[in-house]
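Engineer: Protein chains in written order, with our numbering: chain C, 1 to 432; chain A, 1001 to 1280.
Quick list of the computed label-pair ranges, beta carbon to beta carbon:
1) C:PRO142 with A:GLN1228: 53 to 63 Å
2) C:LEU9 with A:ARG1167: 54 to 64 Å
3) A:ASN1216 with C:VAL211: 31 to 41 Å
4) C:THR85 with A:LYS1243: 25 to 35 Å
Partner residues aside, some chain C positions facing chain A, computed with beta carbon under 7 Å:
5) ALA23
6) VAL24
7) ILE26
8) ILE28
9) SER29
10) ALA30
11) GLN34
12) GLN35
13) THR161
14) GLY162
Distance condition first, Cα-Cα at most 27 Å in a straight line; then the derived DSSO-like pairs of lysine-lysine:
15) A:LYS1239 with A:LYS1198
16) C:LYS164 with A:LYS1239
17) C:LYS25 with A:LYS1198
18) C:LYS99 with A:LYS1255
19) C:LYS25 with A:LYS1239
20) C:LYS99 with A:LYS1243
21) A:LYS1234 with C:LYS25
22) C:LYS99 with A:LYS1234
23) A:LYS1006 with A:LYS1021
24) A:LYS1255 with C:LYS25
These are computed hints drawn from the structure, not numbers from a lab. Glycine is no exception: its CB is placed at the ideal position from the N, C-alpha and C atoms.
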Amino acid sequence: MIIFKRVLLLVLALLITVSSALAVKIEISAPGEQQIPLAITSFVPMGQIQPEIATEINAVLDADLSLSGLFSMVDRASYLSDAETLGLNSVQVDFTQWKLLGAEAVVKGGYRIEDGKLIIEARLFDVISRRMLTGRRYIGKPEEVRRIAHTFADQVMHSLTGEKGPFSSRIAYVSNRTGKKELYLMEVDGHAPIRLTNHRSIVLNPDFSPVGKELIFTSYKNRNPDLHRKEIYTGREARVSHRTGLNIGGRFSPNGREIAVTLSKDKNSELYLIGTDGTIHRRLTNHWGIDVDPSWSPAADKIAFVSDRRGNPHVYIVDVDSLEVNRLTFDGKYNATPAWSPDGERIAFSRLEDKRFDIYTINPDGTDERRLTFGPGNKEHPRWSPDSRFLVYSLDRDGEKSIYVMRADGTGNRRISAPGGDDSHPAWSGRW
Amino acid sequence: MKLPKKQSWRQLHSRLEPGFKRMLWLSVAIHFLFPILYTGLLHFTPEKAKPPVYRVNLVNKPVKNPQAGRPEASPKQETKTVKKAKPKPVVRPTPKPKPVVKPKPKPSPKPEPKSKPVVKPTPKPKPEPTISKADEQSFDQKMAELRRQQEREDRLAALRAELERERRKVVSPVEDAPVGEITGKGDQEGIAYASYVKEFITERWRLSKYQLPSLNLEAEWKLIYNAQGKLIHKKVISKSGNKAFDDSLLTAIMKSQNLGRELEEQTEFEVTFNLREMQN
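Chain A with its partners taken away, still in its complex shape (with noise of 0.2 Å):
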């Protein structure tokens, strides 16, 4: 009976195609796997900390009459609802008139120091018996020009500092000068000796727009002047290809072979020359 069997079965797994039994187990470990992932893994989720409750009223925005319409409604009520309401709202918007309230007992004794010399003095005249009508009468007129010289020296204060000011403040019409330049702002750190070269250059550069058939131009050249300020080498970087530009500027240059002021030293400039300015 043993055998059968046995041989049944191989004669099964024989007819198995090979790797089937290892494709079944796979299956059915996948099959188990599947459910508890599902069940497990997925759908776990830790246990939350249970989240504080917030009691939170909310209220509407104050209304003059927010139960108005409702025939249920008794004015009372809208009374008691409108008082319930208003701290909440106005929490956030009183702030602002709070810091406003503060300062103002500020400046209010600012002004009183100014005064208080003249008001402490005033107990002292106390013991009015003691002293003399004329002695008082001196001593209101000290205490007045003393306020007047007191006031005087204020203005005065007040008005040397609207001069150092206004003696700071350096209107420039060019927004982000370089410092140096006539535009510039803040302190000098030094000559802007590219500014000297340019404005040196374009004014000795003369051309007319009724020479070029075209307005879009543009040379290239490459100057060295050395600390004397005199052009020791000049050279053309690029052509415009145009003659009567490409002369004028060569007249311009030999028009600035001195700048007439010391360079801090040799300096080599790459001059573009182009006529963007005119293109309008």
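Next comes chain C alone, as it looks inside the complex (with noise of 0.2 Å):
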């Protein structure tokens, strides 16, 4: 009997093994379209008619999930009749018709005001599989339009890539539109830009606080270029470092609790870690090259930073615990502004070369180096998105800075921040 069930195991592994051998095998090695088709439809009033609200969300949805570079948009035009229904849950919709348009994600939606507040219905279809992949009910005041339809499309983000997108988040920069270079705060996409400071003096590289709506950044206010922080909400300021000399290039570490920053007390600029209050907590740098630029790693051991060390300004890591310094780059003129990305894979930096700076990115193991912008005008001060898809730079073109946003890879660079003045040292905050 062990024998007879033995020979039959043995039968039927050898039949798998023989069917296994006769199936035909396929490679596919790339997808046939790189873009999902999407679909938006104009959010329908549950209500009151406002076709502005409908408008506004409908132009936040459509910039920002372009710029995501995911989709390619379904023409308008070319809707059928389902695009005017409300359709809020997968019974509702007729995937036929999108399926006829191409479209292979719909995002359908309704608003209404009850009670001065703001209601609005989000939803994004699967068209092949006819299922809701997501939907949000978001309550706000009518004036947060926009940012109901940024988190929205944070959400699409999310639910087709596992990761929230950016669209939420805001960007702090300097401009100097009053004739001051005072530090300003927008919407990803440009919108409602607000002015923070008002210190008639010169502001410079700002950073966002992982832990807070807060912000760091050098200030001339003083006469000397000390390190300030201000709570955005409330408007608190302090000055954090105003020691003699240079207190400048503040970058908060992960945790928040430390600033690694370039000061010059010693006559050197060097790299030091000090706490929120202002105290030194370590000494990094010691060497008679100008050290600046300081950029942390997202685990918070190593620093990536700018020195002349060596002649001509580089990219260097300084390893936080042992401080052993690593050069990172080695060709160009001028290497300056290094940003490591919050996901840990590439460093950010701009490059002199040809007269003029570009972004490029290269691993931080020093490999793989790629040369993110091309074209006219001087690309400096990249800095990334919290979820390391995109990047924030200032363009100087035409007689005129101003900021740009553009896809980890280079493609999709666009124009957020408004003419009518030199707009430079971006700095995207964390999810908001």
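With the hints as a guide, dock the two chains, each given alone in a separate frame, to form the complex.
Structural biologist: In structure tokens:
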């Protein structure tokens, strides 16, 4: 009996092997299409008709989701009758119509104002599987339409990629549109810019705190480049470091408890770790060269910075524990403003080549260096979005500096800051 | 006298260690054997057959003036050596020109046959006095016409051959592409079903690189299509672990449920999905 069982098992195993060997093997090494055809329907009123709300929602969703690079937008002119229906659940959606148009995902939704509050229902459907991928109800003030739309765009990104988008975050930057360099804050698409400082001096190098809605920046308000901090909502401001000489390039550590900063209190610019109260915790570099522009690795164990210790300014990495310094870049005459991506995969920096600064990225081990920007104008001060998918930078072209965003591979560049002043030194906030 | 000798021998024998005698004989034998082996066996070489003697006249590469610079050499000798040296080095390089020489006469007669009919009839009109000038002219005209016709036919035949060659020549951008594919070479042996299915699924697979944290993803599916081209069974063999990637595959497979054409028979496909082409 045992022998019979063994033979049976053997025969079965043999059959499985033979059948798998007979299967036709195919390898598909790239998708046929690298963008998902998406239809964004006009949001339908669920009460009083207020077309400006629908227009605003659609404009924000369109801009955000097209910047993502994930989608190809289905032409609105081709929409059929289902685009005019609310369709908040999959049963109410005529997927056949959308399939006919070649759409694979559909955004539908509605809005109403109830007791002075804006209620927005938004849905994302998968046309192929005929199911809802994500659905949210948002309640807010009527003037928060854009914020709600940005939040839903983040949600769409989350449902399709597993990680939220950065569209509801903020970008801080320095602008001289009042005649003096002041600190400003705007939405990711450049809307709703607000001035945060009134130092009537020079403000530089803002950086967001990873915890709380707070910024640090350098200001010449007291005729010395001192490090300041500012709470965005309360407007409270304080000097963190006001030592003689430079107090510049402050960058919060990933846990927000320390700040890496360049101090020149001992005549030479060196990197230091200071507490949020301004006390010096540690000196990170000790070299006759100028060490500036620190940027933390997400694991907080390393800091990328710029030094001219070997002649030309290049990007170096210092180990926070051992203080061992390793050189990262070797090409170019001038490498500046490194920014470590939040996912730790890449370091962005600007490099002077052919009399022009351009944005580059490189692996932290010094491999796979890639140039992201081309064309006229200096592109400087790159900073990453919190999801590491996008970069913000300043572009000096035609005599005007402005803020641009692009995807991490250098595609999809678009200007976000309004004309009418020199805008520079952008900093992308964390999740807002 | 005898006894003491025997006794002394026995005494000597008893004093020797057991086996000494054997060792002694062995040693003697080796001592004899070694010179025999050395002189006889090792140095034994069978008589070699006398190698044939070749007399070779070694000559230098022919040079214009090999004896130049030698005061004792007379110019006459120089010319002699040059003459002697010539035949041998020429032996090898000359074969090349030789075959060139042979075919030369061959092609020349070939075109002649075409003109032969022209040449042959020439003796015929020898009995000139019997043929009138008008006849001769008409004959010449006919011959010229025949020649032109022949030339036209030859040209047409050459063009036809060229056309046939061109028709047979399949230009494929893919080297050694399998028969049956658009890019394939050679005669059609059947339809490449695997290629069709691959193309069909690829067209329906949509995925953006911006959806993925890494492009180093791979998943494997088992798909069974019946003879009518309908998906009757699908199974994940291995997942990539990335939701967006795996979901996109499911969507692509759902969109590929009907191939829109028949297969030869019910077929099982093991499809490996990865992003190798995007990794650059």
